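In full-length UniProt numbering, the protein residues as written are 1 to 157.
Just to be clear, a hint being listed does not mean it is correct.
No farther apart than 27 Å at their CA atoms in a straight line, the calculated lysine-lysine pairs in the BS3-like style are these [claimed, not checked]:
hint: 1; residue 1: 56; residue 2: 86
hint: 2; residue 1: 98; residue 2: 144
hint: 3; residue 1: 56; residue 2: 39
hint: 4; residue 1: 8; residue 2: 128
hint: 5; residue 1: 86; residue 2: 124
hint: 6; residue 1: 124; residue 2: 98
hint: 7; residue 1: 96; residue 2: 147
hint: 8; residue 1: 124; residue 2: 30
hint: 9; residue 1: 156; residue 2: 96
hint: 10; residue 1: 102; residue 2: 8
hint: 11; residue 1: 8; residue 2: 71
hint: 12; residue 1: 124; residue 2: 72
What the hints contain is simulated information worked out from the structure, not anything from laboratory work.
Quick caveat, the model's predicted, so the values are computed rather than measured.
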Amino acid sequence: MKVICETKNLVLREFFEIDAYELFQMNSDKELMRIVNEKPYKSEEEANFFIENMIKHYQEFGFGLWGVHEKKSGRFVGWGGLRQTKYGAIINIRLKRKFQNKGYGTEVLNVIVDYAKNELKLDKIAAKANANQPETLKLLQKSKLTKSEDNELVYKL
1 MKVICETKNL
11 VLREFFEIDA
21 YELFQMNSDK
31 ELMRIVNEKP
41 YKSEEEANFF
51 IENMIKHYQE
61 FGFGLWGVHE
71 KKSGRFVGWG
81 GLRQTKYGAI
91 INIRLKRKFQ
101 NKGYGTEVLN
111 VIVDYAKNEL
121 KLDKIAAKAN
131 ANQPETLKLL
141 QKSKLTKSED
151 NELVYKL
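Given only the sequences and the hints, what does the whole structure look like? Please build it.
Structure, rendered in structure tokens:
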């Protein structure tokens, strides 16, 4: 198990095949997936495909989306990390609904920003919220990122 970073309450680590069931449970939540504007997973195979692609992403870029787990209980909370796009590294965070509004999003966002700057030595990263995600916008406004002058929904390092 490769631990990437830790916060007061959470551990972020690389995904493994054994995480497929928990990932499927989160991404089959119709309400959560409506909010993030994605189709819910219909099978655990979709979660396996996601994990396989993320492992390739780790190998190609040295970072990716990581599983987020509570330190005390070990429970899967969601995922967070960086995804390489044609625009550069983009922060992505998704937490199970039952773990939202506990401060975990703030912990994950801040540790990802610190890790990107201090460990990966990235000088450019961004995060984006959809207009229908007011909680995400609040999270970004409180973060170590700065609102983009070009787009009020984009925040940059």
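To see whether the hints hold, each was checked on the structure:
| no. | hint | verdict |
| --- | --- | --- |
| 1 | 56 with 86 | holds, 17 Å |
| 2 | 98 with 144 | holds, 25 Å |
| 3 | 56 with 39 | holds, 23 Å |
| 4 | 8 with 128 | holds, 25 Å |
| 5 | 86 with 124 | holds, 13 Å |
| 6 | 124 with 98 | violated, 32 Å |
| 7 | 96 with 147 | holds, 26 Å |
| 8 | 124 with 30 | violated, 33 Å |
| 9 | 156 with 96 | holds, 25 Å |
| 10 | 102 with 8 | holds, 13 Å |
| 11 | 8 with 71 | holds, 8 Å |
| 12 | 124 with 72 | violated, 33 Å |
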